[in-house]
Amino acid sequence: MDKQLDLLQGTLDMLILKAVSLGPLHGYGILLRIQQISKDRLEIQQGSLYPALYRLEHQGWIASEWGESENKRKAKYYRLTAAGKRRFQTEAEKWNRMTDVIAGILGTKPEEV
Amino acid sequence: MTLWSRIRSWLSATLRRSRMERDMDAELRFHVEAYAEDLVRGGITREEAMRRARLEFGGIERVKEEGREARGVTFFETLVQDLRYGARGLRKSPAFTAVAVLTLALGVGANTAIFSLVDGILLVPLPYANPEQLVSVTGTYPRGAFVAMREQMQTIDVAAYFEGHEFTLTGRGEPVRLTGTLVSAELLSILGARPELGRTFERGEDIPGRDNHVILSHALWQQSFGSDSAIIGRSIEIEGVSRQVVGVMPADFRFPSTKTQIWIPLHNDPRSVFEYWAGDFMPVIGRLRPGATLQQAHSEIRIFQSHVFALFPWPMPASWNANVSVAQLQNGMVADVRARLLMLLGAVTLVLLIACANVANLTLSRAATREKEVGIRVALGAGRWRIVRQLLTESVLLASVGGLLGLILATKGLSLLKALLPADTPRLMDVHMDWRVLGFTGGLAILTGFIFGLAPALHSSRAALTESLKSGARGAAISVSQRLRSGLVVAEVSFAVLLVIAAGLLIRSFWGLSHVNPGFRPEHILTARITPNESFCNEATRCIAFYRNLLDQVQAYPGTTGVALVNTLPLGGRVSKRSLDVEDHDVPAGENSPLFWLNVATPEYFRVMGILFLSGRGFTDSEASGTPVAVITAETARRFWPNQNAVGKHVRLLGDKSWRTNETPPNGSAAQPTCRTVTPPPWKTDEYLGK
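Sequences listed follow chains A and B, in order. Just so we're aligned: 99 in the working numbering is position 99 of the first sequence, and the numbers increase by one with no gaps anywhere. Just so we're aligned: 1389 in the working numbering is position 389 of the second sequence, and the numbers increase by one with no gaps anywhere.
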């Protein structure tokens, strides 16, 4: 297995938004989903997830409510709000443009300059 | 929408703090336990799984703290914590606290008191209806010119007034001396003033025959008429003339000033030529008509001024009201005191800056003894901004206590100031402490805390960091500290020097003023003002007999060495101005005769006042019947007959048939060295005419 990558600054928020856009999840579930989608290639500090969740909720991108987990325990579930959906779209677009540009630059061969 | 969600989340987090904490606890516990269960499923013992789950999760307390911060609930908690900590620290060093609080109280108190003045006099709008429409004409006009202005102006409705006439109220036991203001009929309605009782004057009530009315001030109505509301419609006797009381103004109406006890309509009688065209030169106020601008009013008054000269029965000096303009009434009223008030405000600001520098210095020296404490906090993980914030909170706390004490000082100081300031300071009665002043003081205290706290806080936090890093930069930190402190001292000394220089200049001017030779000896002279009723003096012989009798009776008092009568005392009151024809100085056609300040005196006047004669003689008792004579000042003699003997030359009052012979110029410039009207006469001179 490849060595796990540390998360780029500022990308955790986007990953959380993506994870909850697929359906309401509790904190631990969000962690699992990101790891599952990334095929375990990303390393997320478990503790750092929660301040990010609170920040997103504070800003109104996600909302939370208490529900019951798969093993019948009380857990807090997060879902994407309408504002969060718009936010995620613009963020994702920005990210795609950025990676295109960066990839373009990095992929430039000497004779192309 | 997101703003709303932020506020909501902050509110619920702040107000339902314990629930938020419980939720956070439960959520994090769920995470750890869910993870541990997954690990157990992977074949590890439960205990081992919990241990690893906790380990991998990281510091729960740190996560919680970051979570609280993310919800914005920590701000107030930290504030309260810092305040409590700061208060404890200040209590532990009472000497420092006392000195700092007192210093700041002085600075803030002085600023608050002066700001109340500036606010009440310069900033708060005038207490009249639509004050932005009210204007003042920056010139003074006699009745005739005002009446013409009232008829001609299209952009403003104008009103004239004359403050400070004294009247005698008789017919109710002891006669009472009243200070009244003559007003044109529309003055009160232009100001939008409503009477407390009755009505204000109506249009046309300043025309002879319709002007026998009077309006009382609230205070006079209370004191002399026992707040009797039946007074409306009754007649009272003022200056021997019966006038009907038509209204009582409310207590908070004070125009032109608090001195006014009665308002009496102007007596606009074109038949009394002298009174009509030269009696009282009155200030004029106005209200912009709908749609008119200040600029239009200004242009119109300039046009009016250019042809008002032709209306006068005698030529007026070309310089009369030459610079007339129309200004906002508020600016016009306070123009004289604006510069002085702003200078005072500047001075107290300097005092506050000195106080800030002083306290900053104290805080710095205190910081040296607190280095260890700050160092420990840094070692425990406090960031630089956390330290700065804590120190700043402490400074603002200190400043707030100082501000509170300053507010008490300011309340005392303001009443003292109001008592000390000249009573004719415009709008002095409008000055009081209100929420605006409180807001100002609050803001000032917090700002002060930041000003004196920021540099020491930044400095301490940096020193603490270098210390904790053990980078050997201790020497550097100390030199920075010393530079900062000497900078503060330099600032303090330069502010202080500025203040001392300003104070010195003021004292110098005062000294200069008190050493001007006024041309007379003010020692051992008592003065009294006598105003017999106008109606009493209509008959000349009766009037003269009254004054003769008065002089004789006063002369008989033991210790009296001389008694005299004069129209206007030197350096005080109004002087009448008249144009004179001067011998050897024929005025070419189309130009104006020179305007003189004119005084009337009895023969003894010059001796009583100690005014020395340069040549010639004073008046004698026989002057009244013989050839008319005049005494002129040295300045007038130099002006008109340089290098000649002025004695024996002649002057003639405009309108007089015969010439008056000059007697003698008294030494120096007895009386009015400065002109108090807006337009100074061409030559500032005093003439004495024998009566």
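No lab work stands behind these hints: they were computed from the structure. Hints are supplied without guarantee of correctness; some may be wrong.
Label pairs and their in silico Cβ distance ranges [what the hints assert, rightly or not]:
hint : chain 1 : residue 1 : chain 2 : residue 2 : range
1    : A       : Gln89     : B       : Asp1430   : 56 to 62 Å
2    : B       : Glu1048   : A       : Lys39     : 23 to 29 Å
3    : B       : Arg1483   : A       : Ala92     : 47 to 53 Å
4    : B       : Ile1007   : A       : Lys72     : 57 to 63 Å
Which residues of chain B face chain A? A partial, calculated answer using Cβ under 10 Å [stated by the list, open to error]:
hint : residue
5    : Trp1010
6    : Arg1046
7    : Glu1047
8    : Met1050
9    : Gly1059
10   : Arg1062
11   : Glu1066
Cross-link-like lysine-lysine pairs, in silico, DSS-like; alpha carbons within 30 Å at most [stated by the list, open to error]:
hint : chain 1 : residue 1 : chain 2 : residue 2
12   : A       : Lys72     : A       : Lys94
13   : A       : Lys85     : B       : Lys1064
14   : A       : Lys74     : B       : Lys1577
15   : B       : Lys1092   : A       : Lys39
16   : B       : Lys1412   : A       : Lys18
17   : A       : Lys76     : B       : Lys1649
18   : A       : Lys72     : B       : Lys1259
Just so it is clear, the structure is predicted and the values come from calculations on it, not from any experiment. Ideal placement from N, C-alpha and C gives every residue a C-beta, glycine not left out.
These are the hints, each one checked on the structure:
The beta-carbon spacing between Gln89 (chain A) and Asp1430 (chain B), approximately 60 Å, falls within the hinted interval of 56 to 62 Å. Against the hinted window of 23 to 29 Å, the Cβ-Cβ separation of Glu1048 (chain B) and Lys39 (chain A) comes to about 27 Å, which satisfies the hint. The beta-carbon spacing between Arg1483 (chain B) and Ala92 (chain A), approximately 52 Å, falls within the hinted interval of 47 to 53 Å. Between Ile1007 (chain B) and Lys72 (chain A) the beta carbon distance is about 35 Å. The supplied range of 57 to 63 Å is therefore violated.
The beta carbon of Trp1010 (chain B) is positioned within 10 Å of a beta carbon in chain A (closest approach about 7 Å), and the interface hint is therefore held. Taking 10 Å as the C-beta cut-off, the interface hint given for Arg1046 (chain B) is violated, the closest approach to chain A being about 15 Å. About 19 Å separates the beta-carbon of Glu1047 (chain B) from the nearest beta-carbon of chain A, more than 10 Å, and the hint is not met. The beta carbon of Met1050 (chain B) comes no nearer than 14 Å to any beta carbon in chain A, farther than 10 Å, and the hint placing it at the interface is violated.
With 10 Å as the threshold, the beta carbon of Gly1059 (chain B) comes within range of chain A, its nearest partner Cβ sitting at about 7 Å, so the hint holds. A cut of 10 Å between beta carbons decides the hint on Arg1062 (chain B): the least distance to chain A is about 7 Å, and the hint holds. The closest approach between the C-beta of Glu1066 (chain B) and any C-beta of chain A is roughly 4 Å, which is under the 10 Å cut-off, so the hint is satisfied. Taking the CA atoms of Lys72 (chain A) and Lys94 (chain A), the gap is near 39 Å; set against the 30 Å cutoff, the hint is violated.
With a C-alpha separation of about 27 Å, the suggested pairing of Lys85 (chain A) with Lys1064 (chain B) holds against the 30 Å cut-off. Of the pairs offered as hints, the one joining Lys74 (chain A) and Lys1577 (chain B) is violated, with about 99 Å between alpha carbons and a cut-off of 30 Å exceeded. A C-alpha spacing of about 60 Å is found between Lys1092 (chain B) and Lys39 (chain A), which places the hinted pair above 30 Å, so the restraint is violated. At most 30 Å may separate the alpha-carbon atoms for a hinted pair to count; Lys1412 (chain B) and Lys18 (chain A) exceed this at roughly 66 Å.
In summary, the hint linking Lys76 (chain A) to Lys1649 (chain B) is not supported, as the alpha carbons are separated by about 111 Å, beyond the 30 Å threshold. Restraint check: the Cα-Cα separation between Lys72 (chain A) and Lys1259 (chain B) comes to about 87 Å, which exceeds 30 Å; the hinted pair is violated.
Hints 4, 6, 7, 8, 12, 14, 15, 16, 17, 18 from the earlier list are contradicted by this structure; the remaining hints agree with it.
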